[in-house]
Structure formats: structure tokens, C-alpha cells
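Colleague: Read off the chains here:
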Amino acid sequence: MRSQAMFFKARAGDKLADRQLQANLGKAKSRFVEGRAQAVADYDAAPGADFEALRDAASAIRDRVLANLDVWLETFEDKARARGAEVLYARDGAEICRLVVDIARRHGVTKAAKSKSMLSEEAGLNAALAAAGIEPVETDLGEYILQINDNEPPSHIIAPVFHKSKEEVAELFARTHHTPKKDDIAGMAREAREVLREHFLSAEMGISGANFLIAETGSAALVTNEGNGRMVTTLPKVHVVVTGIEKLVPTLEDFSTLMRLLPRSATGQRISNYVSVLTGVKGEDDLDGPEHLYVILVDNGRASLVGTEFEPMLRCIRCGACMNHCPVYQSVGGHAYGWVYPGPMGSVLTPLYTGIDNALDLPHASTLCNQCGVVCPVKIPLPELLRKLREKQVELKLRPWRERLALRLWGWIASRPALYGFAARIAVRYLNRRAGGTDRIGALRAAPDWTAGRDLAAPEGRTFRELYAERIRHEARRKR
Amino acid sequence: MTKEKMRVGLFVTCLVDLMRPRIGFAALRLLEAAGCDVVVPAAQTCCGQPAFNSGDTRVARALALKLIVEFEGLDYVVVPSGSCAGMIRVHYPQLFDDDPAAAARARALAARTFELTDFLVSVLGVAEVPGDFEGTVTYHDSCSGLRELGVKAQPRALLAHMPGVELKEMAASEECCGFGGMFSVKFGDISTRIVDRKCDNIRATGADAVVLGDLGCMLNIEGRLRRRGDERTRVLHVAEVLAGED
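In order, the protein sequences belong to chains A and B.
Be aware that the first sequence starts at 238, since it is given in the numbering used here, and climbs by one per residue.
Be aware that the second sequence starts at 147, since it is given in the numbering used here, and climbs by one per residue.
The hints are simulated quantities; they were obtained by calculation from the structure and are not laboratory data.
Restricting the straight-line Cα-Cα distance to at most 30 Å, the calculated cross-link-like pairs of lysine-lysine (DSBU-like) are:
1) A:K264 - B:K314
2) A:K474 - A:K519
3) A:K264 - B:K298
4) A:K266 - B:K332
5) A:K629 - B:K332
6) A:K634 - B:K332
7) A:K348 - A:K403
8) B:K298 - A:K616
9) A:K625 - B:K332
10) B:K212 - A:K634
11) A:K629 - A:K246
12) A:K419 - A:K264
13) B:K332 - A:K264
14) A:K616 - B:K332
15) B:K332 - A:K246
16) A:K616 - A:K246
17) B:K298 - A:K266
18) A:K716 - B:K151
From chain B, some residues computed to sit far from chain A (all C-beta separations above 10 Å):
19) K151
20) R153
21) E178
22) A179
23) D183
24) A247
25) A250
26) A257
27) V269
28) L270
29) A306
30) S319
31) A355
32) E391
Even glycine gets a Cβ: it sits at the ideal position worked out from N, Cα and C.
For reference, chain B alone in the conformation it holds in the complex (with noise of 0.2 Å):
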């Protein structure tokens, strides 16, 4: 890929697609200024997650198998979602150990699927990022993104290297925030126990926006921040900071 520009397939992931379309944008907008050739795969819908999570591997498979399709022909798979990309990663190959064929397809998909920070440092080499935020911000490890794909020091390389950006670490940035998918419908009530604790370490920090890079943690301690009555302090996705207004 020296000549010609990296075509890299952008999953926006089905959250983004419905609640925060900005953050799909802002992941173009970085990809796009790193020099890729992004494409937008047109039929993409959704990773199959939540199907996987919930014990319905039929779903998960067709889901995945439709996935692996759109993004085939491409150099890499980027997603600005810890735990959709966990799932094309390290998921998507365990699903097919019945189909030797669609196993290699999915692996061959997988190794070549980044998280968006990741593929931005580890495989971009990145450093400049277009966004100006200003302001003291701290970040919560999402579970996937940390313990699946070893996402941590890439976003905070990132944002270190913007010079209105003071990084405070809250306490236990890798405790979950309770989310969990279904598990914050079917267990509201220990969820929000969990994302309290998640809550008062944010508010702690004194920071003035808490970034992350996964969209159910997003919705999950941004929705607790504002019952609890926490107006202030912003909930914002790593790629809306690292790009900036478009």
C-alpha cells in the first residue's frame, strides 16, 4: 500500500447509525485527514452482538456472514466501537467451528479489523489528530475495547498529543460501567448501582468531559450522569474529540 491510498471499510456500528451519527462523521473525518481511502459500506447494518450476547449464535452467524461480505474486499475494517470490533475480532472466528470455509473468511476479516484508536496508533502511526478541544478530561476504559483488544495507551497517546487537552485518570477507569448490552434492560436496578460507582469516580476527577470510545457506555453514564443531576459534565466519544467540529 505505498502508492496507492489504504482502502479502509468504515462499520459505523448500528448505535452510532441511530443515536450519534456525528461520531460516524468524526471517524470519516480522521480516517480521511490520516490519508485512507475511506469506504462506506452502503448494506451495513449491525455486527450481530447482540444476538451473540443473548445466546442466539443463528442470528450472530447470518449477521456475521453478511458483514464479512461487505467488508471483504477491502485493506482494513476500522469501527469507532471497542466492543463491535471485540465482536468481528475475537468473536466473529469462534462462530463457525462447524464451516471450516466461513471460518477463514472470518479470521481473515478479523486480523485485519482495528478499534478506531488503535488502527489510527498501532497501525497508522498517527500522532496529529484535527480536533482543538479544550478543556480536562478523563477517560473510562470500556471492558471490550481494554480487555478483548487491548485498547489503553493508544486514545491517550492521541489525546496527550493535543495541547488543549489535560488527561486527569479517574479511579478504576477499567471497572465496567455496567452496561452490558441487555444486561442494563434486564438488570436496570444493578446496573445503575454499578454506574454510580462508575459516576462518582468521573465526578471525582473534576474533569469537564468524560471520553470513551464505545457507544453503550456512552448512552449508559451519560443517561446516569443527567438523572443524577450532573448537567455539566460532557459525555463524548474519543473520535468526536480527536476530530473536532466538522
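This is chain A alone, in the form it adopts within the complex (with noise of 0.2 Å):
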């Protein structure tokens, strides 16, 4: 997928004057938020149970993995070998590109049922089976209306469709599927599950990412709530899973730790409808499972961040808590981002994998209110990453010169006490002049954006310097 995160600004201002949208942001936002609170709630009532000690304990075992990153890897790569998988690495989304349609080609594949896999996103990678003559599926919900709806990108990491309502999906399936249009969820749901058994069926190959890669038994863990997981990745003979390198987690129980928090944090569900552990192919005596099962390592950017002050990023589970809190995403959605992943966690993955100029907007969307970073289960500190984002577009002068002298102004003046004291009084009298004797200022040439739905109001005439100096002087004239 092709970055238009450069254009933040731009598109937020489309997603601000969209009804529709607004509406539908509305009513997600108070599901996602109100579930969260009640589910950590529900925990902390179990005796002995503590939300907070289960961040800790989910942080640091993705240090852990990160610290080695290597071992985790290989021994992940040891056990799933021994189980018959043949693992890949990926350098970046072209190559995913290459070894995914090389393996559909081998084994002769005309459609891919797919599930679950942000990776595939980042990687174009429909676009790229599509165009080696093989029909990429979706199957999850939401991501099959956004490929019915013209390649729509998702919006949201888990409720790809966050941005449209029940009725904008049901004119999409009626005018795709030539059926009367209906006003239900479950008979729209039944209806695309119709058309998708046809596909499970019919599809040679299945891809799906994973939600975690645990090292001690080569498996790769899948989180779903609809089932087409389960599918996906058990009635084609061939299974693809695409996932990056850190995902991994060293061992089942790590693995039985983050579960308790992902559904929680990202749903609100205690645990989500399906959760499928795969190891390996199809054995002699298995009922069903793929015969041919490959695991796709991608680095894309990631290997480049251990080790770094933005290591804590690939802590990241993805379950959207971040986003789903943020007051810039609640009022903009995840399109305006314009890349694979919206939100906080956007804001830091983006420019760091798809290149710190290519996204200049997204470190400063964000009002640092930090409500990211009490909701994430992993305890990422997504504002210091945000702000360290920012030095270093200053320190790569990325910033437009306006901004950058106004600081270093500001910086100068703000250290010189006298020369501060008056400028500000300067400050004080031009605003009072601009208010005209009222008591507010309706616009104001160096802050356009923000007197355009703000009226700042008027200082109070003087400085409190001023004031407190005249206070010290009255109380010396009055001892004496």
C-alpha cells in the first residue's frame, strides 16, 4: 500500500466535514471505549487479579523476545521446520510480493482465500496476486465489503469498516450481490458468509497472518471472532501465514499471558469466538489441515528498530486500544493517516517504515494527552515516541522554517529575563489592541487555524511581572 500519510492534514479535513462518517465514528468509539472499561473492570473483580501487574507481566515478556530477538527466531524456525513447515524470510513487501505468488505458482493456485494479515496490506499484496492471475478472497467481514466496495483500505487494525454504518454496508451488498437490500447485521452476515463458502471451497491456498509466533512449539497463533480463520487456514491444502518477525513470543504460556489482555483490550471480550493455535501440516492421522504449510518472516523496517530508543514500538499486539482512545482518531478515523496503520500507533509505525519524510503531519497529530499509553495493554510509551519522532525531524531540519525559528525565537528570548519581560509586555498591549476594548480576539494573523473556531480571550492588560513588581514595590514603600 502506497503511503499518503503526507496528506494528513488534507484528508482530516475531509473526514471533520463528512456526516456520515462523523456519525458512524460516533457510535464505534463508545462500543470500543465502554467494553475496554468494563472488561478491565470485570478482571480486577476476580480475587487476586490485577490489570496492571498483567501490563507489566505482557511488557516485559515482549522485552524479552526483543533482547534476543534472533534466538526467538530460530528457535521458532526449528520447531516449525520439525513440523513440516518450510519458513521464509521476507525483506521488505515486494519481496512477500514475490514468495507468496512463487508459491501459488508451484502449486498451481488460481484463488487465495485470505484472513487477517496487516502484512499483506503493507505489502500491496493483492494487488500483486491479482496481477499474476490469481484471485485474492477476503473473507474477514469487514475486509470482504472493503474489497467489494473497490478496493476500499481499512480504517481501523481490527474493525477494518469502523467507518461505515450498518446501512452504508447493506446498499454496498445489495447492489454487489443483486439481492434485495436488508436492514438486519445477522442476514447481511449470512448472506456474505453464502457467498464466502463458495470461495473457502473452491480456494487452493489460504493466507492469514498471525497474531503471535510462539517459539517453543513453531506455531502460529490466530485470533478471530468470525471463524473464516479456522478455514482459511485448515481447507486449503496450501496455508500461507505472512506475519512480521515480532511477533514472536517465547512460549505457550507468554502466549496464554498476552491472550488475556489482547481480546480485553481490543474488543472488550474476555476472549474472542475462535482462537486457533497451528502447528504444522496435516498429519497422517489429522482429519483436515493444509498439506503444504509455509511461514512468511517479514522484516520491513522492523530488525532496524531493535535496539533503538523506538524498540518499544515492536512490543506492539495490535489490538487498536490506542486508536479506539485517542481524541484525534475518534474525530478523524483511521483514513486520514493514509497508510496501513491509523492512530497513535500509526503515527509512530508509519514514519518509521515507510521513512520519516514521508510523514511529517503524523508525530504532531496528537495532543500528547497520553490516553494511548494508559490504554495499551503493553505499556508503549506511544507520546515519548511521538516526541522523539519530532527531534529528530528537527534535528533532520524536517520542520518548514517558520516553525523552527519561531522556537529558536522563542528559546532566545525566553532565556534573555529582561528582553522576555519586555516583549511580553509588547505581547500584551498588541492583543489587547487587536481585542478593541472588548474582552476577546476573533482572529489572529499568527494562529488563523485556531481563531477559526476559537475566540482567544483578551489578556488582562498587563503582565504579572509587571503587576508583581509594582506589588514588591507598593509593600516596600509601605514598610518604610
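Join the two chains, each given in its own frame, into one complex according to the hints.
Modeller: Take a look at the structure:
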């Protein structure tokens, strides 16, 4: 997927003006935010259970993996190979596409059923498959909806059609399936299931992501709510897992710790409807399962973060809690962010994976309110990472010269108290003149965007320094 | 500090200095009423937060060192702003990774720095305040005060002690108002959408005033309320309410 992150500001403006989207965002937000709060409260209510301690344990597991990523990768590779899987590595998106197309060709695949893989979005895999004459069919309901809507990109990492209303989907289904318009979600889901069943049975290859890779068993774990993941990974004779190298956890025990956090943080569920732990190819006594299993471990920028100040970002387990709770995401939705990952995690990942100069706005598209940091199940200090990206931009002189100059000038003045006092007096008098005798300023040339939506309350006429100095003089006189 | 009065440095912040001096005086009055010997270092300017949040660490470091020097000899530093107090308490020590001596000074200052209501309640154990506000108020928790410093119960405890004040909680009082310093300048329209939700929640309480502990939120919320045509709801800094009129 090509990044459109450079256009965040313009796209955000469009999204703010989209009334339907705004209504949809409002409804979806309360569901996720309240759902998580309830799930956390329920968890803490159990004797001896402490959600905070769970977060600590989870981030420790993630850090343990990152500290020796190479070792855990080797362990996973050995175990997975021993169970008949072929483990491949991909450096970037192009390599993912090449590997998957090669595998498909080798097995004479004409149709691939897909489930849940953000990495295939990073790589633009669907387009590559289509170009190679292989039909990709998305089978997650949300992803399917987007695919039939002219390959629209997802707007959320776990609820890809977060931005759409039921009515919009009903219309799309009626148009695409040539069926009468339905008004109930169950009916629509049934309709999609009927269409998709055909594809599950006819696809020669299944492509999925993995929520976690378990090193000690060489398994790929998949967490879903629709059950399609199980079909995609067990029905076709070939199964390809495409996932990031950072998705490893050392043991099944660690996996179960993370599973206590992931669904609660994501959807407010205690556990998701389906949890599949997929290990190896179909055995002699197995009734089902793939005959060929490929695990493609993808770098695409991840390895370069190990050992840097941005390493904590690799702890991310893709739950979406940060975006659900982000006031900016809640206002503009996921498409404004312009690449695969929206919200606070996307504002960190997009510049790191696609180039810091390709996403200049994103690290600034946050009030640093730290709600994201508070809800992150693996305690990624998201605001701190956003700030570090801002630092990098300043170091690389990527910010507009006006902004850099203004900051330097402010620093220069604020370092010189006498000059600062003088400048402050001038500024206050200027603002009061702009207020023209009223108590507010309706438009300010220095901050046009700010005053487009607000009145600036006029200053009180004199600075604290002036008034305080006067008070001190006054008191001194009185004492004499 | 049993016999002698505690020497408390008041950092008024640049926004208070420029926009609302009366908040600085209200803080002064509260500290004096609580028996502190208040010092207002004359050379103080800005804590460096705008530069820090914009990624200009060099400027942030220079301003941090300047403030450290000015407040170093005092028993405490008190700030009528959650975000500036958070800057000193949480971020100053992080600023000097490569300078252990400066980092130690920053940590020492950080440990003695408090947001105003936190200081009154947690350090001084104040319950009675000079203010005499009459009416219903709702409290907006500003992000840095709340999530960096744990300021939540302190202002409410002080307000609850005022006989004329009735506190009515708004929905989502902990949600950001959309100010975010330069965020509201760079992304004015997104910020407006966020502050609109805050204004709706304030409005729904029917309170006479929204009270808060941060000047940034104050300018942002007041600015939006007035632009929306709400001339009735007062927007007051918690220090003003607690200290009353001079």
C-alpha cells in the first residue's frame, strides 16, 4: 500500500466534513471504549487479579523476545520446520509479494482465500496476486466489505469497516450481490457467509497473518471472531502465514498471558470467539489441515528498530486500544492517517516504516494527552515515541523554517529575562489592541486555524511580572 | 521546616504571566494563606515545554537549566498548571541523559515540584481555603495534571470543602479538550472537533462554571464556548475559585 501520510492534514479536513463518517465514528467509539473499561473492571474484580500487573507481565514478555530476537527466531524456525513447515524470510513488501506468488505458482493456485494480515496491506499483496492471475478473496467480513467496495483500504486494524454504518453496508451488499436490501446485521452476515463458503471450498491456497508466533512449539496463533480464520488455514491444501518477525513469544504460557490482554483491550471481550494455534502440516492421522505450510517472516523495517529508542514500538500486539481511545482518531477516523496503521500506533509506525520524511504531520497529530499510553496493554510509551520522532524531524531540519525559527526565537527570548519581560509587555498590549476594547479576539493572524474555531480571551492588560514588581515596590514603600 | 516557614517558589508560567496574571496572584494568596513564605523569582520565564513538545531539545534543555538555577535554593516549587509542573517533574530528568550532573539537579528539583492543588492537599494538608464561590461547578481534568501527576482528587477535595460550591461531574471529564499546545495551532479544525465534545459535556451538567487547573485548556475551552455563543458558563482556574476575590 502506498503511503498517503503526507496528506494527513488535508484528509483530516475532508473527514471532519463527512457527516456520515462523523456519526459512525461516534457510535463505534463508545462501544470500544466502554467495552474495554468494563472488561478491565471485570478482570480486576476477580480475586487476586490485577490488570496493571498483567500489563507489566505482558510488556516484560515482549521485551524478553526483543532482547534476543535472533535466538527466538531460530528456535521458532527449528520447531516449525520439524513440523513440516517451510520458513521463509522477506525483507520488504516486494519480497513478500514475490514469495507468495512463487508459492502460488508452484502449487497451481488460481484462487487464494485470505484472513487477517496487516502485512499483506503493507505489501500490497492483493494487487500483486491479481496481477499474477491469482484471485485473492478476503474472508473477514470487514475486509470482504472493503474488497467489494472497490478495494477500499481498512480504517482500523481490528475493525476495518469501523467508519461505515450498517446502512452503507446494506446498500453495498444489495448492489454487489444483486439481492434485496437487508436491514439486519445477522441477515447481511448470512448473505456474506453464503458467498464466502463457495470461495473457502474452491480456494487452493489460504493466506493468513498471525497474532503471535510461539517459539517453543513453532506454532502460529490466530485470534478471530468470525471463524473464517479456521477455514482459511485448514481447508485449502496450501497455507501461507505472513507475519512480522516481532510477533514471536517464547512459550505457550506467554501466549496465554498475552491472550488475557489482547481481546479485553481490543473489543472488551474476555476471549475472542476463536483462538487457533496452528502447528505444522496435516499429519497422517489428522482429518484436516494444509498439506503445505509456509511461514513468511517479514522484516520491512522492524529489525532496524531493535536496540534503538523506538524498540518499545515492537512490543505492539495490534489491539487497536490506542486508536479507540485517541481523541484525534475519534475525530478523523483511520483513513486520514494515509497508511496501513492509523491512530497513535500508526503515527509512530508509519514514519518509522515508510520514512520519517514521508509522514511529517503524523508525529504532530496528537495532543500528547497520553490516553493511548494509559490503555496500551504492553505499556508502549506512545507519546514519548511521538515526541522522539518530532526530535528527529528537528534534527534533520524537516520542519518548516517558520516553525523552527519561531521556536528558536522563543527560546532565545525566554532565556533572557529582561528581554522576555519587554517582549511580553509588547505582546500583551498588541493583543489588547486586537481585542479593540472587548474581552476577546476573534481572529489572529499568527494562529488563523486556532481562531477559526475559537475566540481568544483577551489578556488582562498587564503581565504578572509588571503587576508583581509593582506590588513589591508598593509593599517596600509601606514598610518604610 | 517546623520552626521556620517553608520557602516555596512560585513558578507562575508564561501563559499566566501573559494572559491571566490574576491566576498567579490567586496562587500566591492561597500559598500565603496556608502559611508559606512565597518567593517569586524575578528572572523566571518559560519552563521550555513548547520547545520540548515540538522536538527542539536544545532549547528545552537551556530553559530547563535556567529554571533549575532559579528555583534550586527553595524548599518547594509550586506551579498553577498541571502541564508545566509535569514538565518539571516528569520530563526535566529525562532531558539530561548525557549530563549526569545536570540530571541529578533536575531530579532533585523534580522531587520538590508540585502542581498547586496537589501541594496544598498532599504536602500542606490544607482543607480550608479563602475563596467564597457560590454556584455549581464541573471539573475538567487536564491531561498532564491527571496522567503525569495524578491530580484528580486534590482539587475536588478542596472544592468540596467550600460551602457555596456544588460539584457536578461531567461525562468524560478525563478526556482531552483538544488543546495540546501547538496541536491546536497546527490542527485547529481537529482540535475544534475535540473541544466541541468537551463543551457538550460541560453544557450537559448545567454548571455555572467549568473549573480546571491548566491555562491551555482554559483558553481552549473558553474560546470554543464563547465562539459557540455560550456567554453564560464561566471558565475558571481552580486557583481563582479557591482563593476568591482579592
